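Undergrad: One-letter residues, chain by chain:
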Amino acid sequence: MISILANPHRFLKFARFAGPIFGVIALMTICLGLWLGIWHSPEDYQQGHSVRIMYVHVPAAWNAMMAYGIMATTSLIAFIWRHPLADEVAKACALPGAAFTALALITGSLWGKTSWGTFWVWDARLTSMLVLLFLFFGYMSIWATMEDKKKAARTAGLVAMVGVINLPIIKFSVNWWNSLHQGSTLSSPNAPGLPTDMLIPLLLLTIGYSCFFGWVVINRVQNSIAISKKQRRAKENKAATVTMETL
Amino acid sequence: MSFIPDFGKYAIFVWTCYWVSVFTLLSLTFLTFFQNSKHRK
Numbered sequence: 176m177i178s179i180l181a182n183p184h185r186f187l188k189f190a191r192f193a194g195p196i197f198g199v200i201a202l203m204t205i206c207l208g209l210w211l212g213i214w215h216s217p218e219d220y221q222q223g224h225s226v227r228i229m230y231v232h233v234p235a236a237w238n239a240m241m242a243y244g245i246m247a248t249t250s251l252i253a254f255i256w257r258h259p260l261a262d263e264v265a266k267a268c269a270l271p272g273a274a275f276t277a278l279a280l281i282t283g284s285l286w287g288k289t290s291w292g293t294f295w296v297w298d299a300r301l302t303s304m305l306v307l308l309f310l311f312f313g314y315m316s317i318w319a320t321m322e323d324k325k326k327a328a329r330t331a332g333l334v335a336m337v338g339v340i341n342l343p344i345i346k347f348s349v350n351w352w353n354s355l356h357q358g359s360t361l362s363s364p365n366a367p368g369l370p371t372d373m374l375i376p377l378l379l380l381t382i383g384y385s386c387f388f389g390w391v392v393i394n395r396v397q398n399s400i401a402i403s404k405k406q407r408r409a410k411e412n413k414a415a416t417v418t419m420e421t422l
Numbered sequence: 170m171s172f173i174p175d176f177g178k179y180a181i182f183v184w185t186c187y188w189v190s191v192f193t194l195l196s197l198t199f200l201t202f203f204q205n206s207k208h209r210k
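As they're listed, the protein sequences go chains A and B.
The working numbering numbers the first residue of the first sequence as 176 and each following residue consecutively.
The working numbering numbers the first residue of the second sequence as 170 and each following residue consecutively.
Calculated from the structure, these hints are not laboratory results.
Keep in mind that the hints are not guaranteed to be accurate.
[Said to hold, decoys possible] Under the rule of at most 30 Å between Cα atoms (straight-line distance), these lysine-lysine pairs were calculated in the DSSO-like manner:
(1) Lys-325/A / Lys-405/A
(2) Lys-178/B / Lys-325/A
(3) Lys-188/A / Lys-178/B
[To be verified] Computed beta-carbon distance windows for the label pairs:
(4) Phe-202/B / Ile-255/A: 30 to 38 Å
(5) Phe-172/B / Pro-217/A: 12 to 20 Å
(6) Val-191/B / Gln-357/A: 21 to 29 Å
(7) Phe-192/B / Thr-320/A: 22 to 30 Å
(8) Ser-206/B / Glu-411/A: 36 to 44 Å
(9) Trp-214/A / Ser-196/B: 18 to 26 Å
(10) Phe-202/B / Cys-206/A: 27 to 35 Å
(11) Ser-403/A / Ser-206/B: 12 to 20 Å
(12) Ser-196/B / Glu-411/A: 33 to 41 Å
(13) Glu-411/A / Phe-192/B: 26 to 34 Å
None of these values were measured; they are calculated from a predicted model.
Ideal Cβ placement from N, Cα and C applies to all residues, glycine included.
Given these sequences and hints, build the entire structure.
TA: Put into C-alpha cells, the structure is as follows:
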C-alpha cells in the first residue's frame, strides 16, 4: 500500500476519491457524535455533566498521538527510502497534530478544573502531552526557518523520529507513575468500561476526528504536490528563457 | 430534551470545551479550503 501511494500520480488518484469520502464520513460522524454527546448521553453519577467533556477531549488526545505516530513513521520511511512524498505527508500531519494536541490540553485542563479542582498540575500525562505540543512546534519551525528544503526535511524528520519516544511515555504514564489522570477506560481489560450511551458518541467522535484528520492531511499533501509542480514549471520556464537568450 | 440543555454548575466548562473544539475544527476546515483555492488553480 505504502509503495503504491509513494508515486505522486497514484497518490493523487487515491486522494481524488479518498479525500471526499473522509470528509463526508467526518462531517456525518462528528455532527451525530456531538448531537448524542450533548443531548442524549447520560450524566455520570460522580462527575455529573462534566463527563461530556470526554467526548471532545479523548478523540483530540487520540488524534494528537496518531498524528505524531504517522509523522514519525513517514519521516522514517523518507529517511530510509528517501521518498519526498513521505516527507510531505509528515509535514502535512504537523499542523492538524499540533491543533489536536492543543485542543486535548485545553479541554483536559477544563475537565481537570471540574474533577481535580485545578486547571493544571505537573503530572506525567499532562507534562508529556505538553512536550508533544512542543515537538510539533519544533518540527514546524524547522520547516519554516530552514531555506534548503532537503536539509529541513532531514532535520525535521530526525526530530520526529527521536520525539516518538514520547508516545509510549504518554500512553503508559498513568501506569508508571502516580497520576491524577485516570487510567485507560477502553483498552484495559480490567477497566470498568463505559455504558453504551456514552460509548457510542465517544466512538463516533473518535472516528469523525480521525476521518477529519485524514481529510486535512490528504488535502495538504495534494497542495504540496501542486506547489512542487508549479515550482518545477517555473524553473523549466526560466531555464528555457536563459537558453533562448544565450542563443 | 430542551433546545439548550442545562449542564448545571459545569455548564461554562462543558460549553467552552465544545465551542473550542468546533472552532478548532472549523478553523482547520477553512484553512484547508483557503489553501486549496490558492494552490490548485
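Undergrad: Which numbered hints does this structure break?
TA: Failing hints, ascending: 2, 3, 8, 10, 13.
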